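Student: Quick note: numbering that gives the first Met the number 0 has the sequence shown finishing at residue 362, numbered continuously throughout.
If a hint is listed, it holds; no wrong ones were tucked in.
Listed next, the in silico DSS-like pairs over lysine-lysine satisfying Cα-Cα at most 27 angstroms (straight line): (1) K342 - K92; (2) K198 - K263; (3) K94 - K68; (4) K342 - K144; (5) K315 - K173; (6) K94 - K342; (7) K144 - K94; (8) K309 - K263; (9) K345 - K94; (10) K350 - K284; (11) K320 - K350; (12) K198 - K250; (13) K356 - K315; (14) K342 - K320; (15) K148 - K342; (16) K345 - K145; (17) K350 - K315; (18) K350 - K148.
Derived CB-CB ranges, DEER-like: (19) Q314 - R269: 18 to 24 angstroms; (20) T357 - K94: 32 to 38 angstroms; (21) I50 - P108: 53 to 59 angstroms; (22) T176 - N90: 32 to 38 angstroms; (23) A46 - V79: 44 to 50 angstroms; (24) G115 - E288: 21 to 27 angstroms; (25) R116 - D86: 29 to 35 angstroms; (26) D244 - K315: 40 to 46 angstroms.
If you're looking for bench data, these hints aren't it; they were derived computationally from the structure.
None of the values given here were measured: they were computed from a predicted structure.
We treat Cβ as the ideally placed atom computed from N, Cα and C, and that holds for glycine.
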Amino acid sequence: MYINNCIPTSVNHPMNRDSGRSFIVKKKTVLWILYIIVLIPICLELALRVISAKPYIQTDYHIEVSPPKAFTGHDSLGIVLNPGNYDIILNRKVKFHTTHTSAGQRLVPDTNSAKGRPQLAFLGCSFTYGYGVNDEQTFASILQKKYPKLDFHNYGVIGYGTLQSYFQLESLLKNGTPPEVVILNFASDHFERNALTRKFRRAMKIGFDRSMETAREMMRTSNFPYLQNPEDSINYERWEDLYSDWRWRDKLASVNYIQTQSDKLADSSRDLVDISAVIIEQMNKLCLENDIQFVVVLLDEDDRIRRLEKGLTNQKIEALKVGFNFNSPEYTNVPFDIHPNQKGHKLIASKIEDRIKTLIPDE
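Please build the complete structure, drawing on both the sequences and the hints.
Tutor: Take a look at the structure:
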């Protein structure tokens, strides 16, 4: 008697041959998928290298401050001035002395806020602050010396955009010390700062972290204001969340390329000019409500600045063009730093001076 269930199936049975072929096909498919997964990044890297793409190359900016902590983080302005006297060296070449007053301003020698003297407030970033020149060499100080019957106040702070200037104006009004004239100094860099674009986030977070040993601790509690879109309310971004490079960005051209394109895509739909224009319009509104003369000084010039100027003119907001070249070796500290040198501040002061005369008729 034969019991069929006990008969072993032959290894050469057709069913076994089909199963073996199926397994081999699946194995080859998996291997090809693995090869493709491995080869695509390698091919992308090689292709990008062929067209001269490179990993991210960080150009470090070196800052030495003595005593340390001339600047400190702030929960809504991002950064503020610490009162005191400081010696600062930029990129081991540009040396200057700076004094921060107890009110958190850059010192303007000869300003005494005497009763009855017209007050003029300069609002802006490091260009207004005078990064790279001594207290008496900033354009605010140059104008103060030339017009001793006026009081010029320098509220410029490194890294500021127009939103911080707007907050400073609000603070002046709340404290009951409004100036007669507010001069907002605007540079093309402010478009990125007001919107906190990826480009500016990286420059601020990575650049500042690497420029000073104390930067990370100093900025730990900072929050930076920005507008995502013109119609939005003001948002804030924590220092630690501001930006981070993807892993291997400094080693692989492909990683750098993809993150760079991702950053551009994230900001491509945002209108940076309209964002800045909305903030300036709100500053102008505050000045009109408080009988303050308001002037926007456009420090440099590009297509976006020209578009902003046209919009301000339509809103009847006065704009004064300076046309400063921040790449000029004659008027800046290039190649070590792009901020205006002493000669550059004299040039900016001369451009503003004629308007100062008409703002204060008695002068």
